[in-house]
Amino acid sequence: MRIVFYFLPILCCITLNANAQNGQKVNYRLSSRIIDSVSQKPLANVSILLLNEKQQTVYSGSSGHDGHISIPVSETGLRTLVLTAIGYQKTEITFAVNNSQEPVLPETIALSTIAVSLAEVTVSSRKKLIESKPGKLIYNAGNDATNKGGTAADVLRKAPVLNVDAKGNVSMRGSKKIKILVNGKYSGQMARNAADALNMMPADLIQSVEVITTPSAKYDAEGAAGVINIITKKGKKSFNGALELSGSNMEQVINPRVGFSNGKWNVMANGHLHRLRIKESSLLDRTQIENGKDDLNLWQEMQSDNVAPHGSGDLAITFTPDSVSEFSFGANTWFGKWPTDRKQQTIVRDVAGNSIEHYFQDARSRENYFGGDINLSYSRKFKKTGQELTILTQFSPSKSRNPYHIWQSAQKDGSYNYEEFNGNDTRNTEWTLQTDYTHPILDDDRLTIETGVKAIFRNVQNNYHVLAGDPQSDAGLQPIASRTDEFKYRQDVLAAYALIKSNLDANWYAEAGLRVERTDLHGEFRDQKNPFGSQFTNFVPNATITRKFNDEQQLSFSYTQRLTRPYIWDLNSNLDASDPKNQYQGNPALKPETMHQAELVYGWNKGSEFFLNTSFFWKLTDNSIVDYTETNAEGISKVSKQNLAAYKLYGVNLSSSATLNSWWTLNGNVNINNIDYSSNALHILNRGWAADFDLNVSFKLPKRYTIQAFGQYTTRDITLQGHDSYQYSYTFSVKKELQKPKLSFTATAINPFSEYIPQTIYTAAANFRSDVGYRYYLRQFRLTVNWEFGNMFKAKEKKKIENDDVRSRSKGA
563 MRIVFYFLPI LCCITLNANA QNGQKVNYRL SSRIIDSVSQ KPLANVSILL
613 LNEKQQTVYS GSSGHDGHIS IPVSETGLRT LVLTAIGYQK TEITFAVNNS
663 QEPVLPETIA LSTIAVSLAE VTVSSRKKLI ESKPGKLIYN AGNDATNKGG
713 TAADVLRKAP VLNVDAKGNV SMRGSKKIKI LVNGKYSGQM ARNAADALNM
763 MPADLIQSVE VITTPSAKYD AEGAAGVINI ITKKGKKSFN GALELSGSNM
813 EQVINPRVGF SNGKWNVMAN GHLHRLRIKE SSLLDRTQIE NGKDDLNLWQ
863 EMQSDNVAPH GSGDLAITFT PDSVSEFSFG ANTWFGKWPT DRKQQTIVRD
913 VAGNSIEHYF QDARSRENYF GGDINLSYSR KFKKTGQELT ILTQFSPSKS
963 RNPYHIWQSA QKDGSYNYEE FNGNDTRNTE WTLQTDYTHP ILDDDRLTIE
1013 TGVKAIFRNV QNNYHVLAGD PQSDAGLQPI ASRTDEFKYR QDVLAAYALI
1063 KSNLDANWYA EAGLRVERTD LHGEFRDQKN PFGSQFTNFV PNATITRKFN
1113 DEQQLSFSYT QRLTRPYIWD LNSNLDASDP KNQYQGNPAL KPETMHQAEL
1163 VYGWNKGSEF FLNTSFFWKL TDNSIVDYTE TNAEGISKVS KQNLAAYKLY
1213 GVNLSSSATL NSWWTLNGNV NINNIDYSSN ALHILNRGWA ADFDLNVSFK
1263 LPKRYTIQAF GQYTTRDITL QGHDSYQYSY TFSVKKELQK PKLSFTATAI
1313 NPFSEYIPQT IYTAAANFRS DVGYRYYLRQ FRLTVNWEFG NMFKAKEKKK
1363 IENDDVRSRS KGA
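In our numbering, the protein residues as written are 563 to 1375.
Please keep in mind that the hints were generated in silico from the structure rather than gathered at the bench.
One or more of the hints may lead you astray.
With a straight-line Cα cutoff of 30 Å, these simulated DSS-like cross-link-like pairs (lysine-lysine) come out [said to hold, decoys possible]: (1) 780 - 1210; (2) 1200 - 899; (3) 905 - 795; (4) 1143 - 905; (5) 698 - 780; (6) 698 - 1110; (7) 795 - 695; (8) 603 - 826; (9) 1091 - 695; (10) 1200 - 1050; (11) 1091 - 1203; (12) 1143 - 1153; (13) 795 - 603; (14) 616 - 652; (15) 652 - 1304; (16) 1110 - 652; (17) 961 - 1050; (18) 1091 - 1050; (19) 961 - 899; (20) 695 - 780; (21) 587 - 1110; (22) 943 - 652; (23) 943 - 841; (24) 603 - 652; (25) 1265 - 795; (26) 1265 - 1302; (27) 1200 - 1143; (28) 841 - 961; (29) 961 - 1203; (30) 616 - 587; (31) 780 - 795; (32) 652 - 1262; (33) 1153 - 780; (34) 841 - 1143; (35) 1210 - 1262; (36) 946 - 780.
All chains should be built: construct the whole structure from the sequences, respecting the hints.
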C-alpha cells in the first residue's frame, strides 16, 4: 500500500496552479439559437466556450440538433462567449454579469462561412484527455499517442476508474460485473467474451470512452459495477478514410476504414484483421488438508503459446430525408479462431513426498466463432426543442464450436494411455425491440421527462458430447453418457422506464427515475428431464442531485440499484475436464443478484488547465454471484458460480488531468477499495484493502513529434476464498506526424524491461490451500503506420440499441 501513498502527492501537485473564482453568486441561464448566416438553417454541434476575465474556461458544451444553446451562469464578472465550428468564422460575444440585471443573448446568432482548404488550417488546441459530464467520466482516447497500433484493451487501461488485468478482464472499482456498449448499443461480441472482443477492436477506431458509474433508469439494470460505452470515430464528408498497419513481435494488424457522404446519405465501413500471439505459463501448488494436517500435494507446470487469427467488420448507413427525420442501418460481424492449446505436467505426492501419480498432458482447444449484430432505427424530432421519438430493433445471431481434445501419457514423450474429446457447439439468436421518447416540459432544459419500453428475446442451444478411453486399446474412445446432453435456454426481458431531469436553477441539477424489468427464464436438458425456470420483477430506482458552487466546482450525490442475471455459460452443466485435476462446471440453480450502490462526487474543472474528480462510493449485495472452488478427497478441484456470499465494497477514486504548459500534459487515476466477503454457509469472512493507480505523461515536441509514457500498478484483488497478487504494466511511445501526405509513424515499447508480468492467485478453504503463479509474456516492440485521407467533419450522434442487460463474460470464466 505504501506505493499508493507515494503516488497521491503526484496528483496533488497537479493542483498547484489552481485557484477558485471569487465572484458573487448569481443564478442566470442564457439561451440563444445558432444559425448559418446565409441559409438561416440551425447549426448543430457548434462548440461553445464561456471564458472569465482570466480567459479560463468556466463552461463548455455544444449546440443541439436545432442549434439551441443554454448556458448556466453562476457568478458575476466579465464573460466572453466563444462559438467555433469547422468551416465557419469564430464568433466572440463579450458581456458583463452583475446582480442588478440579467444578461440577454441575441435570439439568434449567425455564423459566417469561411473559404479555406483543410491544408491551410492549423489546429492549435487539443481536447482534454479526461472530461467530466453529469453521471460519467470521458477519456478522449483519440488524443492519446500511445494508443496507435494498440487494441481497445490498451485504451481501457488508461480510462479513469477502470482496471484491466493481463488477460484483458476489465474491472470497475474492484468488480468485473460491467456492461460494455459500443456506440451506446449492445454488442454480442462483447457479451460472448469481453476480453477477447476488446483485443479484436483496434485502438485507432476509438474516439472516446464513457465510464458511467451510476447509470440512470434509461440503461438496462444489468451490470452491478457500472457501464462502459466505447464511442468510435465517425463522420466523413465526400470520400474519406484511413489505413493503419501495425506489426510487432506479438501481433500484426491491418485496420482499413472508409466513409462517404453526399448530404442526405452517410455511409461508413471499417474492418479489422488481427493476428495475436498469446504466451503464458504457470506453476500450481495445492495441498489437501485432512483433520487439520497436510495430506496429498498437487504440483502442475503448464506452458501455452498460441496464435489467434481473428477479425471483424462494421457497416453503418444513415439516410436523413429532412431536418427532423433520420433512418439508420447498421451491421457488424466478428469471426475467428481462438486456440488455448497447452502442455502440462502433473505430479501428485503423498505426505512423505513420494510421487503416487505422474503424467504429461497435451491439451488442444480451438474456439471457432462467428456472429453479428444487425440493427435498424428511426428517429423523429418535433418542433419543440429536445422533443424526440426513436424506434429501434436489432437481431444478433451467433454460433461457436469450442471443443477440446486431450492426450495423456505417463512419460514426457511416451505413448498416450488416455484420450478425451469434448464436442461443444453453441447457437444463439437474440431479438431486441426498443422505443424511447424525450419530452421537454419546460423550456431551456429546466424540466425534461424521458420514457421508454424495451423487449429482449434470447434463445440459446448448446450441444455437447464426450468420448474417452485408452487410445491404445481395441475399444478406442467410448461415449460418456453422463457427460453428453443438449441444453436449451430461453431468457425474455420486458422493461419500461421513466426519468425526470431538472435544472432547478443555474446551481442545482436533479434527476430521478424508475425502471421496471420483468424477467422470464427457462432451461431444460434433453436427457436429464429436469427443466428449471423462474419469473421475477425488479424495480430499479435511481436518483442524482448536483450542487454547483461556482463555474469550476460542483458536488453530486447518486444512488441506484443494479442487477446481475446468470447466463448460459454460468448455468450450463457441461463439465470442462480438459485439466482432470482442475475442472469447471456451470450451475443451473444460480440466482440473480441485486446490488445497492451510492456515490458522492466532487468535481473541480478549470477548463483546459486542470481537472479533478474525487468520488467516495459504497456498494452492497446479499447474494453475490461468486466463483467457488471446492476439492474432493482425491484432490480434484471444481469451480462453479454460486450465490454463497454477501459482498460489501467502499472506497475512494481520484481522477485528474492537467495541462502544465502548451507541450506538457499529465493525467492519472487512483482507486482505493475496501472489499468485504462474508458467507454464513461456508463460515468465510475475507476482507482487505486493495488499490490500483496509473499515470500518463505526454510531451508535444517541435517538428510534430510527441513522446508519451504510461504506467499502471495494481496492489491486489480480494476474492471470496483468497486474493490475487499485484500486477503492473508500462508503455513508452514516440510519434512523428507528416502533414502531406497525412501520415503518422508511432514506435511503441510495452513492458520493455520485463520479460514477463508475474501474478499469483491464492485460494484457500478448510480442506485445501493453493497458489498458482502465472507468467504473462507481454513484452512487445511495435511499429504503427497510419495514413488518413479525405475531408473530415463532425457527424451527428445516432441513436443506438443499448442492450446492456447481459453481463460481459470474463476471460477464463
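These are the hints, each one checked on the structure:
| no. | hint | in the structure |
| --- | --- | --- |
| 1 | 780 - 1210 | 25 Å, holds |
| 2 | 1200 - 899 | 27 Å, holds |
| 3 | 905 - 795 | 42 Å, violated |
| 4 | 1143 - 905 | 14 Å, holds |
| 5 | 698 - 780 | 14 Å, holds |
| 6 | 698 - 1110 | 16 Å, holds |
| 7 | 795 - 695 | 20 Å, holds |
| 8 | 603 - 826 | 15 Å, holds |
| 9 | 1091 - 695 | 52 Å, violated |
| 10 | 1200 - 1050 | 23 Å, holds |
| 11 | 1091 - 1203 | 22 Å, holds |
| 12 | 1143 - 1153 | 27 Å, holds |
| 13 | 795 - 603 | 26 Å, holds |
| 14 | 616 - 652 | 19 Å, holds |
| 15 | 652 - 1304 | 25 Å, holds |
| 16 | 1110 - 652 | 29 Å, holds |
| 17 | 961 - 1050 | 14 Å, holds |
| 18 | 1091 - 1050 | 12 Å, holds |
| 19 | 961 - 899 | 12 Å, holds |
| 20 | 695 - 780 | 16 Å, holds |
| 21 | 587 - 1110 | 11 Å, holds |
| 22 | 943 - 652 | 28 Å, holds |
| 23 | 943 - 841 | 52 Å, violated |
| 24 | 603 - 652 | 18 Å, holds |
| 25 | 1265 - 795 | 26 Å, holds |
| 26 | 1265 - 1302 | 13 Å, holds |
| 27 | 1200 - 1143 | 8 Å, holds |
| 28 | 841 - 961 | 26 Å, holds |
| 29 | 961 - 1203 | 23 Å, holds |
| 30 | 616 - 587 | 18 Å, holds |
| 31 | 780 - 795 | 24 Å, holds |
| 32 | 652 - 1262 | 25 Å, holds |
| 33 | 1153 - 780 | 24 Å, holds |
| 34 | 841 - 1143 | 22 Å, holds |
| 35 | 1210 - 1262 | 43 Å, violated |
| 36 | 946 - 780 | 21 Å, holds |
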